[in-house]
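There are 2 protein chains.
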Amino acid sequence: MAHDFETPVADLLRVGDGFDLSALDRRSTPGWKHGKKAAKKALTERGERLSDLQERLFAEGRTGGTRSVLLILQGLDTAGKGGIVRHVLGMVDPQGVDLASFGVPTPEEEKHHHLWRIRRALPKPGQIGVFDRSHYEQVLVVKVEGLEPAETTATRYDELVRFDQKTVAADTTVIKVALMVSHGEQGERLAERLDRHDKHWKYNPSDLATRSKWDEYQAAYQQIFERTSTDEAPWYVVPADRKWYARLAVTQLLLDALESLDLTWPEADFDVEEQRRLLTATARSNAKPAKATKGAKKKKKKKK
Amino acid sequence: MAHDFETPVADLLRVGDGFDLSALDRRSTPGWKHGKKAAKKALTERGERLSDLQERLFAEGRTGGTRSVLLILQGLDTAGKGGIVRHVLGMVDPQGVDLASFGVPTPEEEKHHHLWRIRRALPKPGQIGVFDRSHYEQVLVVKVEGLEPAETTATRYDELVRFDQKTVAADTTVIKVALMVSHGEQGERLAERLDRHDKHWKYNPSDLATRSKWDEYQAAYQQIFERTSTDEAPWYVVPADRKWYARLAVTQLLLDALESLDLTWPEADFDVEEQRRLLTATARSNAKPAKATKGAKKKKKKKK
Chain A
586 MAHDFETPVA DLLRVGDGFD LSALDRRSTP GWKHGKKAAK KALTERGERL
636 SDLQERLFAE GRTGGTRSVL LILQGLDTAG KGGIVRHVLG MVDPQGVDLA
686 SFGVPTPEEE KHHHLWRIRR ALPKPGQIGV FDRSHYEQVL VVKVEGLEPA
736 ETTATRYDEL VRFDQKTVAA DTTVIKVALM VSHGEQGERL AERLDRHDKH
786 WKYNPSDLAT RSKWDEYQAA YQQIFERTST DEAPWYVVPA DRKWYARLAV
836 TQLLLDALES LDLTWPEADF DVEEQRRLLT ATARSNAKPA KATKGAKKKK
886 KKKK
Chain B
586 MAHDFETPVA DLLRVGDGFD LSALDRRSTP GWKHGKKAAK KALTERGERL
636 SDLQERLFAE GRTGGTRSVL LILQGLDTAG KGGIVRHVLG MVDPQGVDLA
686 SFGVPTPEEE KHHHLWRIRR ALPKPGQIGV FDRSHYEQVL VVKVEGLEPA
736 ETTATRYDEL VRFDQKTVAA DTTVIKVALM VSHGEQGERL AERLDRHDKH
786 WKYNPSDLAT RSKWDEYQAA YQQIFERTST DEAPWYVVPA DRKWYARLAV
836 TQLLLDALES LDLTWPEADF DVEEQRRLLT ATARSNAKPA KATKGAKKKK
886 KKKK
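Chains A and B supply the protein sequences, listed in that same order.
Numbering (this note's numbering) for the first sequence: 586 to 889.
Numbering (this note's numbering) for the second sequence: 586 to 889.
If you're looking for bench data, these hints aren't it; they were derived computationally from the structure.
One copy or two, either will do: identical chains are not told apart, so a pair holds if it fits within one copy or between any two.
In silico EDC-like links for lysine to aspartate or glutamate, alpha-carbon gap of 20 Å or less:
hint, residue 1, residue 2
1, K709, D683
2, K618, D589
3, K784, E640
4, K784, D678
5, K828, D610
6, K787, D854
7, K828, D678
8, K709, E640
9, K787, D678
10, K784, D637
11, K787, D637
12, K626, D589
13, K798, E733
Could you build all of it, start to finish, from the sequences and the hints given here?
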């Protein structure tokens, strides 16, 4: 690869002891000194590797494997969650991506515990699950808007940690990403949605009500980072004023997670030679014979 | 666009009166005379338009619209259904694609009518649903393998037609695509799966059992085309020995369906000027002000 992060980006973005959200420069590009153009090129390069590893994970899931990956995306309006889905997950086979968006609970969801809909959406073996918002809204919108008693909310942090631990114990690698835009940048992005006719549908007057509670939301995020970032399922806080940086950083986090799984192609659970013989026997005289050579040729090519 | 189909490909591939599957040349490329390289270029070009229309459909669904699109993919093993998902649907935003694969029914699915799991997987408003195999397996594998009494199977055709009619009546454009490979090409593709270690997971010894019933499956397809291709939900039979042709043809069918919806960007259901004023009032002195100009500039650019 032409360009790389100077320091492993996961180490730079992972929430550690004494993390202070208010000190985060949201226009910064931790670990990346090569600018925007190189970042876009690096994204495409990483996309190919990501796609390869995703297929291996998918293949593993199809052959009895139990592992999966879950990317949790949090962030205020305009933080770029949708852009991550489009530009990062859009680089891999749609068959291997299981996307769930969590908005205001439906009447049916309201009847259940808040984790009910989350549990149902966890990725199946072999899948890369993506949560666009997540169970963490319980300590964001629910908390800031006072939708449940404060005493109940206070118990949620431990509940969320336990939930993530169970998910990890069930062979899912959990990557929790918070995309953090600045107040100024959010203002610009909302203004753009108002200026462009093709973006009006993305705008909701209630976005301004949420924006007016900016400080409360920042405090809620700070508390999430302090109380729910664990070794098994750490939070990564991504400065998101520069979309190209956020996309590259999340791609790298996803790639790191997949690389750490040491994914190999599953072994055949059948006798390859026997199947070759059986297949050859199916050839019809009036059709082109099944040639073993074509595949062999392609295999060679791929190995180069 | 640089190159185009000579005749609308939908007209060439749509099943009409007297359709005879046995006469189909599966290496042919109906309507396309420009070869493989131009086809790949044309695919990328169409991908951009597809992506634009998909976003409009998605926006419509988000703002109260009820329309959706359903692409049904049928075909024997190795026909290229997965490749369509990857290379055609992979060109649009994953958020707008709702993919469902129908394999052997699970124990829970077995307890219900065969259309139960299908109904649950129908695309929501604004989505492009994709079925990798579908309710039509009821008159394919279920029929050929004799998994239900022949008298019951005989009633399925009308049931399937009614089901599709209901789906169309619920504002879903239904595109039924059958990818048809030749016996020889299937042999080559299975051989490749045996030859390549990274493709073993795609191979199943039972594929040969299915292949041994080639003629029965072809007859079952012929009957499907005769009995379930309707004006509201016609079948398109796509010669699939050349993957690049099948991908381009299906892209065109999808594009035609989306174009026919006359998708416009939803009108704002709020007072844009008022929201601009309210947004400007949220600016903080210590941050960059929300500039209305940036969006306006981008809008201009987009219009060029």
